[in-house]
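J.: Single-letter residue listing:
2 protein chains.
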Amino acid sequence: MSAVDDAALSPSALTPAQARERFRGGVVRPTAGWAAGCAQANLLAVPRDWAFEVLLFAQRNPKPCPVLGVLDAGETAGPLLPGGDIRTDVPQYVVYEHGREVARPVDATAYWRDDLVTFLLGCSFTFEDALMAEGIRVAHIDQGVNVPMYRTSRRCEPVGRLSGPLVVSMRPVPADRGADAVRITSRYPAVHGAPVHVGDPAGLGIADLAAPDYGDAVRIAPGEIPVFWACGVTPQAAVVESRPPFAISHAPGHMLVTDARDSSYQVP
Amino acid sequence: MSAVDDAALSPSALTPAQARERFRGGVVRPTAGWAAGCAQANLLAVPRDWAFEVLLFAQRNPKPCPVLGVLDAGETAGPLLPGGDIRTDVPQYVVYEHGREVARPVDATAYWRDDLVTFLLGCSFTFEDALMAEGIRVAHIDQGVNVPMYRTSRRCEPVGRLSGPLVVSMRPVPADRGADAVRITSRYPAVHGAPVHVGDPAGLGIADLAAPDYGDAVRIAPGEIPVFWACGVTPQAAVVESRPPFAISHAPGHMLVTDARDSSYQVP
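So the sequence lines, in the order shown, correspond to chains A and B. Each residue of the first sequence is one higher than the last, beginning at 1 in full-length UniProt numbering. Each residue of the second sequence is one higher than the last, beginning at 1 in full-length UniProt numbering.
Simulated from the structure, these hints should not be mistaken for laboratory data. All values derive from a computational prediction rather than experimental measurement. Don't take every hint at face value.
Identical chains blur together in the list; that is why a pair holds if it fits in one copy or across any two.
[Unchecked claim] Below 25 angstroms or equal to it, Euclidean Cα-Cα: the simulated SDA-like pairs (lysine to any residue) are:
{"hint": "1", "residue 1": "Lys63", "residue 2": "Pro222"}
{"hint": "2", "residue 1": "Lys63", "residue 2": "Leu9"}
{"hint": "3", "residue 1": "Lys63", "residue 2": "Thr109"}
{"hint": "4", "residue 1": "Lys63", "residue 2": "Gly203"}
{"hint": "5", "residue 1": "Lys63", "residue 2": "Ser186"}
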């Protein structure tokens, strides 16, 4: 379907291929709510020399870094984005050199290198449909902003040259639905699963919920508690701390929309 | 507890540390039924230069290669074997050079190299307790032999230089308990999970159940069907086909007995 044909469709009604086509065409938007029913993915591409450490870091830290797929050096498409191009199909990228952000392009082609191995990690946007289907509203979607994300005082299990803090996303949930939010998201272990922390931001070393480290603050209504899920931005925090010579990630909240169905990551 | 103190204990009553101590001391036995309630693991150690491909092979073939833990180059112990030594604590090893078996030592210390990265993969022995707890007998335990394993005509998803066939283990199950066997083992995805095939050996390219490629044949009683689970010997078949310069594995059926509880790999 061409951009003209699908122009009238709301983001949630797009197919994954249509969503990726829009982003390839230059649309820059957080992707929460896009292509309803389809899984979204975090991206981290590193030189081949760092790939084993990243994959082992993911294996040892499966809550923040659930691996959905890996594109080996030289591969730019795969089963998660058939007919796509990982260098262009994400709304916005962050380019790192020695752990420092050097660019935030909407098309990463000019920065891409043949030796980059790309990791696609599960994203908690994937279970938001399931939360909404059971009547739990998602604040950042309702409020039209990016999900708030925070670096925590909790450390990831390090691997070789890679270390860093756990990053979490936060969604306010009415206190009487807190147990439901845990139950529902527990069924999606491949996309961060159950929360890592419920309430008590200070327990994660978060001083001020209104000042997220990534994304946007959301309003928390009376009677709501902040619930924290492990976040796929965690490897970006590890890149900043560990300073590999080069890396490319997605911009937080600006995910790859994949062809995988949310339901394929659901356990009974 | 010393070897003298625990000498009277049956293998199933041993702690994992006691079991590893026996194997370190030279006992050579298939480990099915040892240290009841504790997970067992397949072993594959490869040079660092091959480690990324092995880990990605595991990620792309999670049914035969569920990663429970990885010891990086230079590490010989870890949370799965606290106080242990991966070079001595498995009952028997196989040493491969360029894909050919060159030795089958009970102590691998003399063969070990500082650049070896060790992968510990889930083993279906882990769910045998759960099968037996629901009254499904395990033939190779009853018959006192090693589990039968077969190379199949099904191919694994290849990665770089690594390719090979799926290897399966087989347990005969009474036809009226076939559904139960599926239900019970489905709850253990980290240790191969649900069967890959039920009945019909020819559909997997298995010509003769009485001639397994690894382990021992078991008797199949009237009314029983052969049920096939993905097997952690699969990476050994990939080593034989793909010929890395060097590799060390466990001898099929002779697993690492770990400190992890079976139940920790169970999903609801």
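J.: Now tell me, hint by hint, if it's right for this structure.
T.: How the hints compare with the structure:
1. For the homomeric pair Lys63 and Pro222, neither the shortest alpha-carbon distance inside one copy (29 angstroms) nor that between copies (46 angstroms) is at most 25 angstroms.
2. Proximity of Lys63 and Leu9 under a CA criterion of 25 angstroms is satisfied in neither setting, with 34 angstroms inside one chain copy and 39 angstroms between copies.
3. Taking the shortest Cα distances, Lys63 and Thr109 never come within 25 angstroms of each other, neither inside one copy (30 angstroms) nor across copies (35 angstroms).
4. For the homomeric pair Lys63 and Gly203, the shortest alpha-carbon distance inside one copy (18 angstroms) is at most 25 angstroms, but the shortest distance between copies (37 angstroms) is not.
5. For the identical chains of this complex, Lys63 and Ser186 are neighbours both inside a copy (11 angstroms) and across copies (21 angstroms), given an alpha-carbon limit of 25 angstroms.
Hint violations for this structure: numbers 1, 2, 3, all remaining hints satisfied.
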